[in-house]
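Working from the sequences, and respecting the hints, build out all of it.
Residue numbers (UniProt numbering), protein chains in the order written: chain C, 1 to 358; chain H, 1 to 368.
Worth double-checking, as some hints may not be accurate.
Restricting the straight-line Cα-Cα distance to at most 30 Å, the calculated cross-link-like pairs of lysine-lysine (DSS-like) are [said to hold, decoys possible]: (1) H:191 x C:163; (2) C:163 x C:244; (3) H:126 x C:244; (4) H:24 x C:254; (5) C:244 x H:224; (6) C:254 x H:21; (7) C:244 x H:24; (8) H:191 x H:223; (9) H:24 x C:163; (10) C:244 x H:125; (11) H:315 x C:244; (12) C:244 x H:21; (13) H:20 x H:223.
I should point out that these hints are in silico values taken from the structure, not numbers from a laboratory.
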Amino acid sequence: MKVNERGWDSSSRAVLLMVFSLAALFIFFMLDLILGSVNIPFQDTLAILLGNKMVNDSWQIIIMDMRLPKAFAAAFGGAALAVAGLLMQTLFRNPLAGPFTLGISSGASLGVAIVILLVGGGTATTIPQMLAGLGSFGSAAVAIAAFAGSSAVLMIVLFISRKVESSVTILILGLMFGYAATSLVTILVHFSDPEKVKAFTEWTYGSFDIRCAEVSILVPIISIALISSFLLIKPLNALLLGEKYAESMGMNFKTTRHYLIIITALLAGTVTAFCGPIAFLGVAVPHLCRGLFLTADHRILVPGCIILGGSLALFSDLVAHLPGSNLTLPLSAVTSMLGAPVIIWVVLRGNKLGGMQA
Amino acid sequence: MKEKPLLSACDLSIGYTTRKKTQKVISENLNLELVPGELVCLIGPNGAGKSTLIRTLIGMQPSLTGDISLMNRPLEDFTAMEKARVLSVVLTSNTNISHFRAFDVVALGRYPYTGWSGTLSEEDKKIVSFSLDSVGATELSNRFMSELSDGEKQKVMIARGLAQDPSILVLDEPTAFLDLPHKIEVIRILKSLSRHPGRAVLLSIHDLDIAMRTADRIWLFNKKGEFFSGSPEDLILQGVFGSAFAMGGVHFDNEKGTFIIPPEKKGDANLLGNNGVERIWTAHALERAGYCISKDNSSSITIEIGNNSGNTCWKCMNGEPEREFPSIADMIKYINQIHENKDSKKQLPVDLIDQEFDNTIVDEVCLT
Chain C
1 MKVNERGWDS SSRAVLLMVF SLAALFIFFM LDLILGSVNI PFQDTLAILL
51 GNKMVNDSWQ IIIMDMRLPK AFAAAFGGAA LAVAGLLMQT LFRNPLAGPF
101 TLGISSGASL GVAIVILLVG GGTATTIPQM LAGLGSFGSA AVAIAAFAGS
151 SAVLMIVLFI SRKVESSVTI LILGLMFGYA ATSLVTILVH FSDPEKVKAF
201 TEWTYGSFDI RCAEVSILVP IISIALISSF LLIKPLNALL LGEKYAESMG
251 MNFKTTRHYL IIITALLAGT VTAFCGPIAF LGVAVPHLCR GLFLTADHRI
301 LVPGCIILGG SLALFSDLVA HLPGSNLTLP LSAVTSMLGA PVIIWVVLRG
351 NKLGGMQA
Chain H
1 MKEKPLLSAC DLSIGYTTRK KTQKVISENL NLELVPGELV CLIGPNGAGK
51 STLIRTLIGM QPSLTGDISL MNRPLEDFTA MEKARVLSVV LTSNTNISHF
101 RAFDVVALGR YPYTGWSGTL SEEDKKIVSF SLDSVGATEL SNRFMSELSD
151 GEKQKVMIAR GLAQDPSILV LDEPTAFLDL PHKIEVIRIL KSLSRHPGRA
201 VLLSIHDLDI AMRTADRIWL FNKKGEFFSG SPEDLILQGV FGSAFAMGGV
251 HFDNEKGTFI IPPEKKGDAN LLGNNGVERI WTAHALERAG YCISKDNSSS
301 ITIEIGNNSG NTCWKCMNGE PEREFPSIAD MIKYINQIHE NKDSKKQLPV
351 DLIDQEFDNT IVDEVCLT
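If you want it as structure tokens, here you go:
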């Protein structure tokens with residue numbers, strides 16, 4: 001009886017929190033549409049979303065062509081990074097693992113660095129100008145380069161993971177690939193024009209300001225990967241006890257590890273391709289979820305990370321755009337500033353609940 | 001009638017295949033059986049192959065040659081899921097899980113039975129509660145794993161193994177991190193689990209004493225990797241125990257069934273008086289200090305257990321004036337002093353003189 005009460009108790013807490021986070025997600029989504037360099041009243045925003053053509057034309061363009069894609073990118077991007085981080089933290093049983101642990105962002109950076117620094121047009125100072133310099137390739141060139149870079153890293157990691165038993169080895173190899181790719185990027189940066197370097201640096205800050213066409217690719221891929229991650233809830237829970245126990249309970253560890261790596265790469269790789277390497281969200285949100293929901297059960301953590309990841313990304317985007325001004329802060333700076341206190345909170349609270357997951 | 005074994009191995013050899021495809025055999029020609037209702041303790045010195053045997057028997061490591069059959073079916077025919085329904089393991093690894101309650105950990109044991117999301121049915125929940133109850137950990141179910149002591153964690157991990165509803169429960173050194181009372185409690189739990197119809201428990205363990213008191217059967221590796229199986233008493237009578245662990249300074253006492261560290265022999269002592277429990281422990285203390293109890297009271301040292309106005313006291317007579325002590329510790333201290341005094345008269349001065357002599361020579365050499 002006691003057990004049933006407890007079960008009800010913890011799940012009702014989860015449901016309540018889930019409702020709150022969904023509300024937060026919705027509120028931040030709407031605020032992301034309303035606030036910006038131009039603040040558009042709520043009623044008008046709603047009218048535009050509902051297809052009412054009577055409202056101010058420029059507002060219509062701002063919302064439908066700029067802020068709506070941006071909000072979708074933030075919601076889905078944040079969810080993707082958070083879930084990717086969760087999968088890596090569970091797979092490696094390491095509290096500091098994140099979506100980019102396997103070197104995915106470094107691979108993407110290398111790809112983009114090659115395109116922008118080696119190929120990119122002469123006098124470009126920002127990404128749009130640089131893209132103009134690239135001509136018909138458009139923003140697709142950057143996305144493709146990023147995706148190619150992260151896929152290359154993924155292929156190497158997957159190839160190695162078939163031969164290697166220990167997950168720690170894979171973790172270390174991923175980190176080493178990351179360093180190697182970063183060093184190549186450093187060399188490229190060292191020999192490039194300052195303008196190109198600035199364009200590249202801006203890409204590394206990350207940004208959810210992407211176009212409708214890109215969103216229409218980003219959203220379906222991430223949706224598929226997120227749905228797939230739901231199918232791995234049970235093996236993920238088993239992995240909490242470590243791979244040996246998981247195998248002894250009937251799990252096929254190598255297959256599961258393969259799926260986890262592929263899903264993580266899809267999630268993190270897609271976001272990085274379109275939005276750049278956004279720091280810290282992926283590491284911090286899973287910790288935030290464990291702390292809030294007081295559980296390590298992935299049946300709650302996966303949806304929790306999706307909702308909280310989306311909300312936090314929208315909030316970060318709001319802050320980065322400094323509503324009411326024409327300035328924009330680098331997105332990664334904002335996410336790190338929001339994420340670091342979360343990690344500190346987790347570490348300090350750690351003693352009672354066993355702290356970090358390792 | 002002989003019961004059908006749950007797990008058996010025939011001509012098994014265990015070990016590793018190295019990278020160069022050469023085989024490192026740890027033990028070979030193993031023939032063993034695990035029958036229902038038994039608690040089997042696997043013992044042997046470190047490095048003799050206990051863990052390798054366990055890993056091989058549960059299919060976590062391939063055997064070099066030989067056949068293992070589980071429930072009368074070749075082990076390699078089992079899928080991971082099928083195996084998980086008849087065999088569960090509790091590993092040595094210290095499990096550190098944050099934000100996870102004991103109940104949830106035990107619930108993971110239902111892994112081979114639940115659907116894609118791992119959600120528990122009412123039946124599953126009952127089995128989880130029952131497993132917690134069987135190890136006496138019901139009151140822990142709501143606590144976080146990180147709040148539990150090592151002993152409590154171990155009970156929860158055993159309950160998790162039990163929730164898999166196994167015919168064979170295999171534990172790799174389940175008592176390794178525990179203090180003595182918890183060791184005994186864990187073994188008691190395992191013994192009661194092995195009495196469940198159709199189930200056997202196999203565990204590796206370092207504590208020979210506990211193994212000998214509880215095991216229905218002992219599997220023993222000696223240092224050479226030779227394997228013996230039998231009841232603890234049979235193995236002692238065959239003299240296998242002593243030879244398996246023989247090491248400088250330690251030997252197995254076949255009468256007492258324990259390992260003893262033979263102290264430096266200092267002589268005999270007569271023990272008089274009181275024949276109750278005081279005598280047993282006084283003898284124990286004297287033996288520990290290196291004195292044998294003289295059988296014909298012919299020694300120069302005599303200890304008498306007496307009574308001084310209601311309190312037990314120990315009198316010591318060795319030719320000098322009789323001394324009386326309120327505790328065994330004081331009495332032993334005194335005897336040791338007598339012994340050292342005797343020694344120092346004989347040896348120490350000679351050594352010292354020699355050393356000083358050497359030093360002066362060295363000094364002279366240096367001067368010249």
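Now for the hints, and whether the structure bears them out:
| no. | hint | verdict |
| --- | --- | --- |
| 1 | H:191 x C:163 | violated (41 Å) |
| 2 | C:163 x C:244 | holds (17 Å) |
| 3 | H:126 x C:244 | holds (26 Å) |
| 4 | H:24 x C:254 | holds (26 Å) |
| 5 | C:244 x H:224 | holds (29 Å) |
| 6 | C:254 x H:21 | holds (23 Å) |
| 7 | C:244 x H:24 | holds (23 Å) |
| 8 | H:191 x H:223 | holds (28 Å) |
| 9 | H:24 x C:163 | holds (21 Å) |
| 10 | C:244 x H:125 | holds (24 Å) |
| 11 | H:315 x C:244 | violated (61 Å) |
| 12 | C:244 x H:21 | holds (25 Å) |
| 13 | H:20 x H:223 | holds (26 Å) |
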